[in-house]
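Trainee: Mind docking chain B on chain A? Use the hints.
One letter stands for each residue in the lines below.
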Amino acid sequence: MSDTPHRDRPWVFRTYSGHSSAEASNTLYRTNLAKGQTGLSVAFDLPTQTGYDSDHPLARGEVGKVGVPIGHVEDMETLFRDIPVEQMNTSMTINATAAWLLSLLVAVAERQGSDPKLLQGTTQNDIVKEYLSRGTYVFPPEPSLRLISDMVAYTVDEIPKWNPINVCSYHLQEAGATPAQEIAYSMATAVAVLDAVAARDDVPAEAIPRVVARISFFLNAGIRFVEEICKARAMTEIWDELTRERYGVDDPKARRFRYGVQVNSLGLTEAQPENNVIRIVLETLGVTMSKKARCRALQLPAWNEALGLPRPWDQQWSLRIQQVLAYETDLLEHEDLFDGSRVVEARTRALMEESLAELEKVLEMGGAVAAIENAYMKRQLVESQSQRLRAIESGDITVVGVNRFTETEPSPLVEGDQSILKVDESAEREQIERLEAFRSRRSQADVEAALQNLRDVLKQGGNVMPPSIRAAHAGVTTGEWADVLREIVGEYRAPTGVADRPVAQRESGAETRQRVDELSRDLGRRIKILVGKPGLDGHSNGAEQIAVKARDVGMEVVYEGIRLTPQEIAQSARDEGVHVIGLSILSGSHGVLVLDVLKELATRGLDHLPVVVGGIIPEEDAETLRAAGVRRVYTPKDFDMARIMGEIVDVVAESAAAA
Amino acid sequence: MDDARPERRAAAFELLDALERRLPFPGAARVGMTGAPGAGKSTLLDGLVRFLRARGETVGVIAVDPSSRRSGGALLGDRIRMGSRGADTGVFFRSMAARERLGGLADATRASAVVLAAAFDRVFVETVGVGQSESDVSSVADTLLYVAQPGAGDMLQFMKAGILELPDVFAVNKADLGAVAERTAAELGAGLGLSAPQDSGWTPPVLQVSARDAQGIDSLVEALDAHRRHLEEAGDLASRRRRAAEAWALESLEIRYGSFGLAAIGGREAVAARLRDDALESAFAVVRRIGAEIEEALRKS
Chain A
1 MSDTPHRDRP WVFRTYSGHS SAEASNTLYR TNLAKGQTGL SVAFDLPTQT
51 GYDSDHPLAR GEVGKVGVPI GHVEDMETLF RDIPVEQMNT SMTINATAAW
101 LLSLLVAVAE RQGSDPKLLQ GTTQNDIVKE YLSRGTYVFP PEPSLRLISD
151 MVAYTVDEIP KWNPINVCSY HLQEAGATPA QEIAYSMATA VAVLDAVAAR
201 DDVPAEAIPR VVARISFFLN AGIRFVEEIC KARAMTEIWD ELTRERYGVD
251 DPKARRFRYG VQVNSLGLTE AQPENNVIRI VLETLGVTMS KKARCRALQL
301 PAWNEALGLP RPWDQQWSLR IQQVLAYETD LLEHEDLFDG SRVVEARTRA
351 LMEESLAELE KVLEMGGAVA AIENAYMKRQ LVESQSQRLR AIESGDITVV
401 GVNRFTETEP SPLVEGDQSI LKVDESAERE QIERLEAFRS RRSQADVEAA
451 LQNLRDVLKQ GGNVMPPSIR AAHAGVTTGE WADVLREIVG EYRAPTGVAD
501 RPVAQRESGA ETRQRVDELS RDLGRRIKIL VGKPGLDGHS NGAEQIAVKA
551 RDVGMEVVYE GIRLTPQEIA QSARDEGVHV IGLSILSGSH GVLVLDVLKE
601 LATRGLDHLP VVVGGIIPEE DAETLRAAGV RRVYTPKDFD MARIMGEIVD
651 VVAESAAAA
Chain B
1001 MDDARPERRA AAFELLDALE RRLPFPGAAR VGMTGAPGAG KSTLLDGLVR
1051 FLRARGETVG VIAVDPSSRR SGGALLGDRI RMGSRGADTG VFFRSMAARE
1101 RLGGLADATR ASAVVLAAAF DRVFVETVGV GQSESDVSSV ADTLLYVAQP
1151 GAGDMLQFMK AGILELPDVF AVNKADLGAV AERTAAELGA GLGLSAPQDS
1201 GWTPPVLQVS ARDAQGIDSL VEALDAHRRH LEEAGDLASR RRRAAEAWAL
1251 ESLEIRYGSF GLAAIGGREA VAARLRDDAL ESAFAVVRRI GAEIEEALRK
1301 S
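As you go down the protein sequences, you meet chains A and B in turn.
Its first residue numbered 1, the first sequence is counted upward by one per residue in our numbering.
Its first residue numbered 1001, the second sequence is counted upward by one per residue in our numbering.
Calculated directly from the structure, the hints in this document are not laboratory data.
Check before you lean on any hint, since a few could be wrong.
Label-pair distances were calculated between CB atoms; the ranges are [said to hold, decoys possible]:
#	chain 1	residue 1	chain 2	residue 2	range
1	B	Arg1008	A	Ser411	31 to 41 Å
2	B	Ala1179	A	Glu647	28 to 38 Å
3	A	Asp607	B	Asp1225	48 to 58 Å
4	A	Ala642	B	Ser1219	45 to 55 Å
5	A	Pro160	B	Gly1178	33 to 43 Å
6	B	Gly1178	A	Arg643	46 to 56 Å
7	B	Leu1298	A	Gln387	50 to 60 Å
The structure displayed is predicted, hence computed values, not measured ones.
All C-beta atoms, glycine included, are put in the ideal place defined by N, C-alpha and C.
Only chain A is shown next, with the shape it has when bound in the complex:
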């Protein structure tokens, strides 16, 4: 047809994926690309994200679970086999070890005979939100910021089409942020990075507009999709203003607010999971409908993510949503649909005002890093999250199939255990075998020299990238690289932000509180609970909510943060004399880790101590855990905290009676 209207180029279609091994993930990527996916989004496993080799004690149970394990340059080569890296737009969800994974990618490009200058893509690299929510930080805030600014300074000339950081408001929303908090805290993070880069001697002032142009954002798209449209429009305007006024960027193109999106995963429900498809579609509209504030890249979760790992077919269904929207509908034929809308304009203005005030507050206290160190942002988020959860509990917020309209026909989509992907349990062992084989064939002298070079450069305050690329070529492993960094800049554990939370104002759980008081009298002291997060999974929101709620119903709560070994948890339970242990694991490593904790308790003569577990745990696994002695298993469909607390009291009472 000659009158085919002009269509905008669609955003990049991606699927956040990776599991088991570089080999298996490579196969998955090539299949997805053949189906019309236009970019890659690499999910790394937790040991890779936190800088441990697959055979480290903390890696146990986590290898290949939530993403692909990348231990060295050959793993990276395998991951991109038959995928020319310089033609691909690759997003890597990697933060603390971002400089290392980018170095590996550069090394692979060089080995494939490509020019690293042509590489396109993104390293997530937003450490601030790791402290606030995601939890895969490794180094203290200041050196982390230094690593980020090293990467910015390096890529601006050496890999000019790379986005060295994706400032994340995504995880802030997951951690409970209101839209205004999302905007304010992500902007504060961007300011921290840009200020750090601007202060460097090796970045001349005239490079700043190019630096600003490479800063991208990563947003969440929630179910309140009208507000999400306004949020993206507000961020577009704030960024334009901020970069012009604070950094003097004159070129409007360099001030464009560029962002990628992962549509909200945490809000997907385990109950009536087919409804999630509708949620995903609506959430997608929030970040695509307004041309002025449309995302550059989009990845959709699969409908069954709350049940376990999605299968290729589930991911394909999500990819098709993007394709139907971009290629079948007329969305891309129009100018901005909301220009001139009084309603959208008013909401956008209001959001801008609120978020600029909050941004000002953070900047006044010294910026994003200061607001991490004094736990201000964390406290604000924990507070917002508690309010939201209370609203769901009370029914003030409707979640269809969860707290309203819960009656349902049996779903034909979730019959049997075929409805999710099972990671091959041999993946970890095989990965360790490959790692050992790799170690034995590399040149130890080259490795030592490269590590010493890395050490020297860091000590002299040089840029981390060149020595890391050299180390990648030399055959250094992920754990070795991170160990040098830990040695030079130290390790960090963020404040949990729970201790200062005021006690809930609403009178919920009064009955549980009374039962806690009574049972405590019988026990001779207050019920004491240990809330533990074994393994590398850093999603601490669930554990924190349980800790705060337990305190609110009158228990004494020992919560020691993330990344604990089963030994440490058992030791702590013994020292602290707790009555019950609650474990939270979201990475899918519950099988190994929970059993390890039970074993460690038994070796300390604490087999009688009751354990409850929460996480994304398929029913089949839950049965295994119960059979091993776990008293209760909770999954995301158990949102009623008051009921969970009541049951924990039951469990303690049962144990006391049995003793």
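Mentor: Using the frame of chain A, we list chain B on its own:
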């Protein structure tokens, strides 16, 4: 040990009595650690434990957290696990809530300190605030460490809180903040210069440390050790522990039986005098013995 049921408590006191009599003198170093919330006590303690473990000392820690009054619940330890110690049995860590029951804490703290002193080379008792009651950390510590947070107007706070008299060592944390920390240290030093020196002739040192960057930990440990040596050389350690034990016993009795109970055997002053005259081999035994007398007197009246 922190079981409030009467029969358990009696049994515990019996054990503690036996244990305290057998403790060698001077035995484990008992360090009390206090300071305002947010001063970085937990992180500093973590640094101290790492340092002491690295040189082979075993360490027991009791951390007392403020309780939420309203629900009785408490979040113990917005703290990190002590130095990723894995299965290291050379460190023991227990947190306790300052319960709504006043005094229950004093018993539990002293009891735990005695037990830990029997098993570890060094015992730390960490809590918020100092000088508020006899039951606070000063009654179990040989050496009291105050952790100060740098900041303007601190001096006034120190004066107001009247905390300058009690501590034996001051550590100004967050030295990484630079000038602010230095100023606070200088103010503290000047303030101490104005107040009278301690009875024993010890001048409390003011140190700058950074828990975050693990700076100054070695000097801090040296200062704690120096204070302990000073007490031993001056022969003050025994008398200091004795005064603390007397104060604790008196308070423990007063909390349990009230002024009415004390009056039944002659009143507070009389009980205090008896405690002063007692050999006081174990404060737990004395509390049990005088407690029994009070109960007997109350029964007769």
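Trainee: Provide an ascending list of the numbers of those earlier hints which the structure does not satisfy.
Mentor: When the structure is compared with the hints, numbers 1, 2 and 3 turn out to be violated.
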